[in-house]
Each structure stands twice: as structure tokens, then as C-alpha cells.
Amino acid sequence: MPVASNPSSPLAESPPSSLTERRKAETRTDLARTAAALFVERGVRDTRAEDIAREAGVAPRTFYRYFPTKEEAVAPLFAAGARQWVDATRAAPAHLTLAQALVHGTREALTTDDAANAESLEWVRSLLRLAAANPALRSVWNDAYHASETDLAAALADRAGDPESAAALPVRLVAGTAATAVRVAVETWAAGDAPADGPEGPAALAARCITSLSESPWSTT
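One gets the numbering used here by counting positions in the sequence shown from 1 and adding 1171 to each.
Just to be clear, a hint being listed does not mean it is correct.
[Unchecked claim] The following label-pair restraints were derived from C-beta to C-beta distances: (1) Leu-1344 / Arg-1225: 44 to 54 Å; (2) Pro-1264 / Pro-1341: 19 to 29 Å; (3) Arg-1232 / Asp-1364: 13 to 23 Å; (4) Glu-1335 / Arg-1300: 34 to 44 Å; (5) Asp-1364 / Asp-1285: 16 to 26 Å.
Keep in mind the hints are simulated off the structure, nothing from the lab. Glycine included, C-beta positions come from ideal geometry on N, C-alpha and C.
Working from the sequences, and respecting the hints, build out all of it.
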């Protein structure tokens, strides 16, 4: 599920294929973690791109090679969380319906059983609270979810045994609806004070949102 990766833990990214790519990925990850920590500590408005670069130990020009704005620096964190949800949905048991697979993926990605993941959820709560008052940061969050729709559509098409159907309207509609349901659930949790586990946590809320769509034709496909 789409949550920001813990700034103190590795991002769940596909391993780069070359040493240069790995180094670039490490720099990108370090900048993202640093930006998230500074945003939470100082606020987005009082954090400059130069501050992020200095804390990460790189030159400002290096920062701008990776990100056009300071807000974009946390994009890899949001993207990694979204990718986790998509991957868990793709790997859901084959006998599950689409709706059940989406709920399975949500619960896997938003579980608090793992300490690092539980901490990640608290980081995303902090960032989303900041995003509520910062249009640029909110746009980064929304872009991550929009991108996850495309990835989810591909995952659902793969599950259906028809990869080429990922661009078809029905599959895109399912992916978009599911992504919106999870986004609303995570944002609702982030705006309150409920713990990450339990009936008002993001996993439970997301599962509830997806289940509420169970009367739609796609849910029994």
C-alpha cells in the first residue's frame, strides 16, 4: 500500500542494474529521507532545497539534478509505498477475486506487524498533515497515487492473464477506483489520532473502502 517508506529504512525499490544506477538510487533515496526528516522537523516552508542538500552531504546542484523542487524530493518515499501495495496485490493468491486481492494487498502493505512498517506509517501521517497546508507537497502525493493507478492496472491485467488489457477502460476504472479508495482511507487516518493498528487504522479503513465497492461487477470477476 501507498505509504512513505521509513526515512531510516531502505526503500523497497527494484535493484538498479549497474553500479552507476545503484549509486544514483542511493543518492536519490538519501535525499528523499533527508527531505522528509527536515520537513517534519522544520516544516516545508522553512526548509530549503539547499538545506536538504547540505544535510545529505551533496551540493545544491546535485540536488537539482535529481529533483526540480524541494517538495519533489519526497516523491520516492510515496512511490515506494504505492509500489508495495501494487506488488502485494499482484502476488495475492490466484483464487481471490479482484476485490479480495486488493484488500489482501492493502493489508499486506499497511500491516503494523513489522516495526519498520509501523514507523513508516507514522512518517506518512506527518507528511500528509504537512501536505494538507502545502499544495506543492499535496501534488506530489497525488501524483504518486496517479502513477500507482497505471502500475495497478498492469498488475490486475496480469492476474487476469491478459497483460494487454491494462490500457482497457474497465481495468483502468478498477485501478483508479481502488487507488482512490486507498488514498481516501490513508488520508482519513492521517488526519486523525487513531493508532495504525485496529479498526480505525489505515489497513482497516482501506479494506472497508474497497469492500464497500463489492456490489460493483468487477468485485466478483
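Verification of the hints:
For Leu-1344 and Arg-1225, the Cβ-Cβ distance of about 45 Å falls inside the hinted range of 44 to 54 Å, so the restraint holds. At roughly 22 Å, the beta carbons of Pro-1264 and Pro-1341 sit within the given window of 19 to 29 Å. The supplied range of 13 to 23 Å is broken by Arg-1232 and Asp-1364, whose beta-carbon atoms lie about 41 Å from each other. Against the hinted window of 34 to 44 Å, the Cβ-Cβ separation of Glu-1335 and Arg-1300 comes to about 41 Å, which satisfies the hint.
A beta carbon spacing of about 22 Å between Asp-1364 and Asp-1285 agrees with the range 16 to 26 Å that was offered as a hint.
Of the numbered hints stated above, the single one contradicted by the structure is hint 3.
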